[in-house]
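Undergrad: Produce the complete structure using the sequences and hints provided.
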Amino acid sequence: MPELIPTPLLGAFDLLGVAVFALSGALVAAREKQTFVTMAFFALVTGVGGGTVRDLLIGIPAFWARDPWIAPVCLIVALLVWFTPTRWWERKVLDYTDAVGLTAYAVLGTAKAIAYGIAPVPAVLMGVITGTVGGVIRDVIAGRPSILMRPEMYVTAAFVSASGCAIGLYFDWPRVPVWIGATAAGLALRWAAIRWSLVLPPYSRNQ
Amino acid sequence: MPELIPTPLLGAFDLLGVAVFALSGALVAAREKQTFVTMAFFALVTGVGGGTVRDLLIGIPAFWARDPWIAPVCLIVALLVWFTPTRWWERKVLDYTDAVGLTAYAVLGTAKAIAYGIAPVPAVLMGVITGTVGGVIRDVIAGRPSILMRPEMYVTAAFVSASGCAIGLYFDWPRVPVWIGATAAGLALRWAAIRWSLVLPPYSRNQ
Amino acid sequence: MPELIPTPLLGAFDLLGVAVFALSGALVAAREKQTFVTMAFFALVTGVGGGTVRDLLIGIPAFWARDPWIAPVCLIVALLVWFTPTRWWERKVLDYTDAVGLTAYAVLGTAKAIAYGIAPVPAVLMGVITGTVGGVIRDVIAGRPSILMRPEMYVTAAFVSASGCAIGLYFDWPRVPVWIGATAAGLALRWAAIRWSLVLPPYSRNQ
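Chains as they are written, first to last, in the UniProt record's numbering: chain A, 1 to 207; chain B, 1 to 207; chain C, 1 to 207.
Calculated directly from the structure, the hints in this document are not laboratory data. Keep in mind that this is a model prediction, so the values were computed, not measured. Just so you know, even glycine gets a beta-carbon here, dropped at the ideal spot from N, CA and C. Careful: at least some of the hints might be erroneous.
As the list claims (entries may be wrong) - Chain A is nowhere near these chain C residues, computed Cβ spacing over 12 Å in every case:
1. G117
2. M149
3. V176
4. V199
5. L200
As the list claims (entries may be wrong) - Straight line, CA to CA, 27 Å or less: simulated DSSO-like cross-link-like pairs of lysine-lysine:
6. K33(A) - K92(A)
7. K92(A) - K33(C)
8. K92(C) - K33(C)
9. K33(B) - K92(C)
10. K92(B) - K33(B)
11. K33(A) - K33(B)
TA: Set out below in structure tokens:
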């Protein structure tokens with residue numbers, strides 16, 4: 001058993017990640033004119049995907065197996081989407097909310113991996129993978145081009161959040177500010193990138 | 001070690017799920033004009049996919065690692081498909097057999113999760129995920145649109161079977177009838193949905 | 001704890017598999033005109049994907065969680081691709097290098113599974129799955145048709161390497177020659193198949 005990390009806030013982060021990814025999953029199902037059951041399924045799978053892969057990589061049971069809140073949260077999100085018109089949820093809004101899940105999970109994946117004794121560099125990689133898996137699963141099941149290939153610094157934002165978290169914990173700074181700060185840094189970058197279409201230079205040596 | 005569930009019937013359910021998903025995987029390979037080795041690989045991966053994800057989520061070794069029957073069954077299925085014309089296996093037939101794997105695995109995933117101490121609601125979710133993963137893997141590898149997005153109550157049927165199983169086991173009804181009844185209920189719904197193109201109302205608030 | 005297999009050579013095989021799959025992942029990112037961070041991410045995920053699935057199936061922690069070399073190797077590969085024109089890396093070259101990862105991982109997956117007490121036939125299946133997963137993940141994330149569906153004996157080469165390894169270890173032949181020989185056999189077959197467009201007979205009973 002590793003050093004236990006404070007459950008309440010980490011649990012809140014997990015729920016936040018679940019809720020925003022669930023929202024993005026439910027919206028994809030709405031765009032595809034699916035039934036409510038399929039919409040709830042998309043909300044669940046997209047919501048728990050990132051955290052599940054994180055837990056499998058660390059080698060612990062999936063976090064939602066014994067949690068009383070995950071399933072209701074996903075169901076509530078699906079109900080919310082079901083009873084509202086999709087124009088309330090513009091594609092841009094979806095990108096902004098997806099960014100919250102991306103960066104919150106990147107921080108959470110990194111923090112949990114470090115708590116279980118993984119070294120900083122692999123922990124950052126686990127954080128980035130954790131943050132991006134939910135969106136990949138959602139896009140793959142729906143047969144859509146993956147959001148990872150979007151130009152506006154998607155993986156970069158996850159990397160900023162994950163490495164910010166690892167650096168802060170390495171220097172033993174107080175955890176809660178580190179988690180919040182690292183999430184905010186990646187989120188600010190991603191939101192700025194969406195808002196002003198900021199891109200890192202793409203590969204351009206193709207001649 | 002959890003309470004052991006009777007191996008023979010559960011083993012038979014596992015083999016049934018493996019066999020019908022293997023069949024659907026081999027048929028996709030046949031449609032794509034693949035070689036026999038690729039066809040056998042599709043039969044295997046589609047056949048064991050659902051059960052493998054179930055076992056990983058529960059946190060136990062993959063069920064096919066020590067089983068002497070899984071691989072031969074998949075191979076026999078691949079041989080069967082290889083030596084018969086695909087017109088023997090119409091697309092509709094594939095949908096009907098896929099439904100058997102879907103609902104059998106949904107029940108099996110739920111029952112195994114409950115046997116390992118997972119609470120009923122997450123166990124139902126695990127059952128639904130278990131039932132649908134085989135088809136998703138098959139479709140993703142073949143680059144086809146996922147069967148999950150079909151309108152005829154695919155996820156719904158898995159949900160009926162999984163929750164039927166969880167309700168029956170919760171009230172401590174005899175296991176074997178519960179398993180068979182829950183599989184039959186989901187199967188009847190899915191078959192009826194395919195036969196008469198029944199659909200739940202799709203999301204329609206897009207304006 | 002299973003009988004320990006000699007770490008140095010097996011570690012070298014793991015690094016080789018990681019490096020060539022990382023190369024193929026980075027090249028796909030280059031073709032898609034991604035940023036350097038996304039390219040590094042592709043290199044990592046493609047590089048560690050096969051070995052990670054192998055370790056999850058066996059039920060042990062992911063091999064890269066505590067390894068000091070995996071991440072730097074993937075980063076170096078990504079830098080190499082970033083600073084060179086893609087015409088240095090023709091599509092054919094990518095196919096040839098992908099084949100090295102495919103067969104090395106097929107052997108490694110089989111050998112590690114056998115070392116952990118898995119029976120020969122499931123061990124061969126694990127080897128084939130391990131070898132092919134990296135390429136599937138790369139293609140799925142990039143939204144490309146999977147290399148598995150290519151006609152030139154892709155799965156067949158993995159099967160030759162995996163079963164060669166299992167046969168050699170079953171008869172207790174010296175390990176190092178078995179590993180190298182089994183990799184070389186599958187590699188020769190795959191390279192010959194690419195070079196001369198060799199194919200096994202495809203399924204052709206569709207009438």
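Undergrad: For each hint given before, does the structure comply? Return the numbers of the non-compliant ones in rising order.
TA: 11
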